Amino acid sequence: MLPNCTDDKPPVQVNISLSLINILDVDERVQILKSSMWVRWHWKDCRLQWDPKQYDDVTVIHLGRERVWIPDITLYDSASVMDFLDVIQYQRPVIKYTGHLVFGFPSIISSTCYINILNFPYDLQRCRLKFSSWSYDNKFLDVSNSSPTGDLSAYVANNEWSLEGFTVERSSVNYTTSSFPDVTFFVEIRRHPLHIYINLLLPCIVISLIGVFMFLLPPESGERISLGITSLLSMVVFSMNIASSLPATNATVPHITKYFSCSIILVACSAVCTILIMRLHHTSDSIRLPRWVKRVIIECIGSVILLGQSCQYQKV
Amino acid sequence: MLPNCTDDKPPVQVNISLSLINILDVDERVQILKSSMWVRWHWKDCRLQWDPKQYDDVTVIHLGRERVWIPDITLYDSASVMDFLDVIQYQRPVIKYTGHLVFGFPSIISSTCYINILNFPYDLQRCRLKFSSWSYDNKFLDVSNSSPTGDLSAYVANNEWSLEGFTVERSSVNYTTSSFPDVTFFVEIRRHPLHIYINLLLPCIVISLIGVFMFLLPPESGERISLGITSLLSMVVFSMNIASSLPATNATVPHITKYFSCSIILVACSAVCTILIMRLHHTSDSIRLPRWVKRVIIECIGSVILLGQSCQYQKV
Amino acid sequence: MLPNCTDDKPPVQVNISLSLINILDVDERVQILKSSMWVRWHWKDCRLQWDPKQYDDVTVIHLGRERVWIPDITLYDSASVMDFLDVIQYQRPVIKYTGHLVFGFPSIISSTCYINILNFPYDLQRCRLKFSSWSYDNKFLDVSNSSPTGDLSAYVANNEWSLEGFTVERSSVNYTTSSFPDVTFFVEIRRHPLHIYINLLLPCIVISLIGVFMFLLPPESGERISLGITSLLSMVVFSMNIASSLPATNATVPHITKYFSCSIILVACSAVCTILIMRLHHTSDSIRLPRWVKRVIIECIGSVILLGQSCQYQKV
Amino acid sequence: MLPNCTDDKPPVQVNISLSLINILDVDERVQILKSSMWVRWHWKDCRLQWDPKQYDDVTVIHLGRERVWIPDITLYDSASVMDFLDVIQYQRPVIKYTGHLVFGFPSIISSTCYINILNFPYDLQRCRLKFSSWSYDNKFLDVSNSSPTGDLSAYVANNEWSLEGFTVERSSVNYTTSSFPDVTFFVEIRRHPLHIYINLLLPCIVISLIGVFMFLLPPESGERISLGITSLLSMVVFSMNIASSLPATNATVPHITKYFSCSIILVACSAVCTILIMRLHHTSDSIRLPRWVKRVIIECIGSVILLGQSCQYQKV
Amino acid sequence: MLPNCTDDKPPVQVNISLSLINILDVDERVQILKSSMWVRWHWKDCRLQWDPKQYDDVTVIHLGRERVWIPDITLYDSASVMDFLDVIQYQRPVIKYTGHLVFGFPSIISSTCYINILNFPYDLQRCRLKFSSWSYDNKFLDVSNSSPTGDLSAYVANNEWSLEGFTVERSSVNYTTSSFPDVTFFVEIRRHPLHIYINLLLPCIVISLIGVFMFLLPPESGERISLGITSLLSMVVFSMNIASSLPATNATVPHITKYFSCSIILVACSAVCTILIMRLHHTSDSIRLPRWVKRVIIECIGSVILLGQSCQYQKV
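Protein chains in written order, with this note's numbering: chain A, 19 to 334; chain B, 19 to 334; chain C, 19 to 334; chain D, 19 to 334; chain E, 19 to 334.
Hints listed in this document are in silico derivations from the structure and should not be mistaken for laboratory results.
Since the model is a prediction, treat every value here as computed from it, not as a measurement.
Do not rely on the hints blindly, as some may be mistaken.
When chains are identical, the list treats them as one kind, so a pair holds in a single copy or across two.
BS3-like mimics (lysine-lysine), calculated; alpha carbons at most 27 Å apart, straight line [what the hints assert, rightly or not]:
#1 71 x 114
#2 148 x 71
#3 27 x 148
#4 157 x 71
#5 52 x 148
#6 157 x 114
#7 114 x 62
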């Protein structure tokens, strides 16, 4: 039975507050945020009022969960429905003599969170935690937030993600005959990119640079191609390494993936160029370029890219 | 006891509806679809009717699950039987004064889904979710779908898979003495191939091309074979990488596997050719081809593939 | 209490039938078969008989599990005891007015299965599923199978394994004072080897062949040894790859492991030979073979393996 | 109801003791300590007193958990809330005739633990285990520790971590109207670095040294660059290997990561230098350095780094 | 209440027997033994005696677990407390008319086991399974073993480990005022090393040998160093491969790790030697060794290691 205090039966007002304790894990690939939260629901049940003077000055009691009415608030973004249901079973609400109940519990929450990786590793994620009654509409139960932001008083900072915001909104989902009010928390977190810089970008840039210096190697040195291929494979391995830890999105290709793809294509082109140069270098002089090709290259292109001196060398 | 309203005991009509919220994961290897669904069953129980005027205008109540009859609808394609049973335990059906019950619950469903990977990464998967009573046949319980398609009003798009359809069919499995009606939902999803292109096919094609350019390298350059072997090993690694994420099917070999296998064989052949060429190149002139072999090669084959000029070179 | 119908208390006859729905996974390393099964137990309980005419023509009822006696049939080969126990809790037996009960439930069964990998990937596995009462011996409870084979009417074919047989046997384990009858099902499955061919054997054979062609390379080409070492390492990686997915057996070394070990030794020998040849090739002529060694090699061995021409070359 | 013995209702004194049995796992990446603990709570409930003489000399009884009041002590640093709640369900408190209760249970505790990896592998971790009542404040329930340190009498040493301390503190979290006393245990563990030395640092230093010896190779030997690149890639692989097992921290970059990053940059620089040297070595004499550059290098820099003799060689 | 039969209240005698069915897994890294066991507890409860003649010749009944007193025997070495507690909930003890109870259940036991890897892969592990009452001391409950060894009648041999012994000891842990008797089983298992030989040692020895033959290569062949580096990296990969599957112990460094570390250092030294030799080989004659160095090397050291002939060669 709903805890209605008056005969006109207003909806039960359930106040929802949430304390973020810890961000345990952000799994980019399956797009799940795992966090440690303290959930608290406050409401009033007039049937649970008493006069403390008559009852030995007892002002607060703790009853078993099955003895009182508990709202069926559900986390709509849960990625593990049972976690939430199980932990509720063992909790006891705190009941004041005025009929106010507090039902709070610690919880490890796994929630789905759309991970936008366009700007990886500079990404800012915004994860939704929507709490609403599962079966009572707004004629029976209304939810509200206790403060404009979530509670961060017990928050322990995460190493990998910095918390940018923990806001709360009260909104409503309207159906034809009824509407379901909800309280929605938004956890905004920004990735610390330093770890990515050191462990992923630094080696990658180093390898790219080596791939550039490849062109300084003399063609008669046999190392030129193996250096190019090694750079290429390293780039591919790095690219696959990053891809395996990011979600397989379609709409947004992260900039870092574009960078890697371009790098791979560039290094591949330079490897092909090297092969062509070695082909020319080893070709006997009996196969000559037509005179007009030479003129075009040396006079037109050469004057553009100032090929003068190295061109002398190439002809030797 | 079955909730029969009349003495002729017609089968109880249970209406099944399903809302797809999220496709959480498609594991191609073990062929399991993990999705977030809202399940709703509607039926009528005449024993749970009352006159609201007599009961203080209460039109809707929520009773504990153990107080009323609940149909034993089972997901026949479940890959994790307990998930479904556990989550049902904690839900409370909503009962209207007319005797109509609604039993709905959010659920993370793991269902087996035959993954057809012939056209990977262009594959379209069709996953079945068959709901039917476990122990009541059609003389006792009948199921029906509420609409010709599943409910997508709360669907949140997935990054990796686009939803192509979410249809529903009512069919029946007939045994000798009884038949079991069922409501079967079909989730049709199509893979976004962009992610595969960038992270798997692009590097692979780049490496294949490098393997082709290998033939441009002069034989006296020692790099030719190491380049071929590197290409070959890279192809093998890519092939094993893809194979490990696809189911080990027998009936259908995916086209992409065929492509990789052919690439491997081709690159291997070109490596062998290179070895043979280097053998010829280094062989001293004292071992000569018989005159007729030369003639056959140069005059017959040469004229076909226009070998003229490079043949000159080969003879030097 | 046991459901004895007569005063002489014969053992309760429990009929066990099993429907194989799906083979979900065969984990060769930890030797576990994961399958989706429908289990059905039939028995008679005289205390649950009634006259349908007196009870409003009700011929079948569904009672909660805790209201009736349920046999404690246990899967003796279970690799996850709780899976089976949990799923039983939520099921309701179907009771006919004659006193016959049917207790059936869908189940995901993880059972230990001795994996014989001698003939991998041509292996045929035979997994046992032994059902027997845990605490009632044959004086109290007797089990029997309903048909000579398990039920395959709802079987959905697996991609990786083809079902060769699904037989059932009734046997008995005898102790000094009592004996426990059991019904044992055998799932026989044969691996589809095509997937192994394409993804594991094809690259491996290709690499072995390249290792053979190594000998065609001229010794003065520096590539000969790096090619040999690359082949060797690739063989080792393939071998470790297969080994990691097979159980670490002692009694039976699979033929494929023997093949890989021999290949590794052969490629290693050929690499060593190459090193020796290069040593000889680069050695200055001042260190000469003794005359009698030459004679032995050229005249004795040479005539056997027709070394004539290439021997000329070696001396140049 | 709270077990108040007198009318002035002092807070219930709950004594908390903890025995560390085993450190099962320290997962640096997700920052979780998994340990095997024995938890014991002692308190007094006056309602559970009796006179043993009247009751057949029974001085101790064991009652089911649901029959008596149990304090809702919660592990605030738990990383798996259900583990703790589940195991409590099955335990029976021991009740003495004086009204003293002991509620103890073995538990596998997963607790979050901030891992400071600055000094890895010489790191000393300090993991907090805070026990406090969840819903009773200090007016109702007070906690205390039984001894100044945790109990180590049954501790079994861990292979990887040595226990440096297991202290306990009693503190209090104060809110505006109430305060929650807590008993906090600190597990201090120090990593045994020998395993890291042998398996991670030894190979890494060996590879770095090889990268240094690279400069001894003559420039005309083609191996110089491939050796440098191999060293570079090995360093990168080692660096990624370590990074994957450490948490992605921002505030503190571990010294070992700094060392690896510097090594990578150094080896990369030496590879680039090698490329430049080979460039110079192969450049034909027709392109000469300006006279003043030579003078600067040889006379100024050369005199500083004593370039005399090798400079002679470079000019040849 | 304890099942005391007489007024002097002797401790309840609980007889513990254990049948080992299967060794499912030995995880060396986290040091956990996973085995399939049948646990059986026997004791006498005088309150559960009856005269079969009065009760229709019923001599044995099965009661629900919650109806009778069950000893709180706990596995002290459990690595997963809930596994044991859960499976007990569903079992029914068998009660004889004499008051003797048998409480048996199949169980998958995960127990911590100190893994001594000094002699890997020749290691013999001894895993303890200590059963004792959790809250009853020896004044209330006494445990005993039924036979000097554990029951192996239903044991199915493991592929990877051979069972060397399954002994049982009865001992006691004494505290100041009370003592807790326990029954401790020891599972002794010996690893089959054949699998390690073939898949880990064979390739490793092959690669070491190749690293030795490196010295036979002529210095002017550029392959010498790349061969050395390849051997070195292969050794490192093998070493890391083994290290990742063994626990990170400090006290005992396994012999195989020492072997690998020495091999790495040796191969590294040989690579450095090769670099030095190449340096000398390529150095122009203008830089000469001082006369006295030559004399020392050739006359003193040379005469020791019989350097005669190859010394000649080195000077050419």
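Hint-by-hint comparison with the structure:
1. In the homo-oligomer, the alpha carbons of residue 71 and residue 114 lie at most 27 Å apart inside one protomer (13 Å), although the nearest pairing across protomers, at 33 Å, exceeds that limit.
2. Proximity of residue 148 and residue 71 under a CA criterion of 27 Å is satisfied in neither setting, with 41 Å inside one chain copy and 36 Å between copies.
3. When the C-alpha separation of residue 27 and residue 148 is checked against a cutoff of 27 Å, the pair qualifies only within one copy, where the shortest distance is 26 Å, while the shortest distance between copies is 41 Å.
4. Taking the closest pair of Cα atoms, residue 157 and residue 71 come within 27 Å of each other only across two copies (18 Å); inside a single copy the shortest separation is 35 Å, beyond that limit.
5. Proximity of residue 52 and residue 148 under a CA criterion of 27 Å is satisfied in both settings, with 15 Å inside one chain copy and 21 Å between copies.
6. For the homomeric pair residue 157 and residue 114, the shortest alpha-carbon distances inside one copy (25 Å) and between copies (14 Å) are both at most 27 Å.
7. Proximity of residue 114 and residue 62 under a CA criterion of 27 Å is satisfied in both settings, with 9 Å inside one chain copy and 24 Å between copies.
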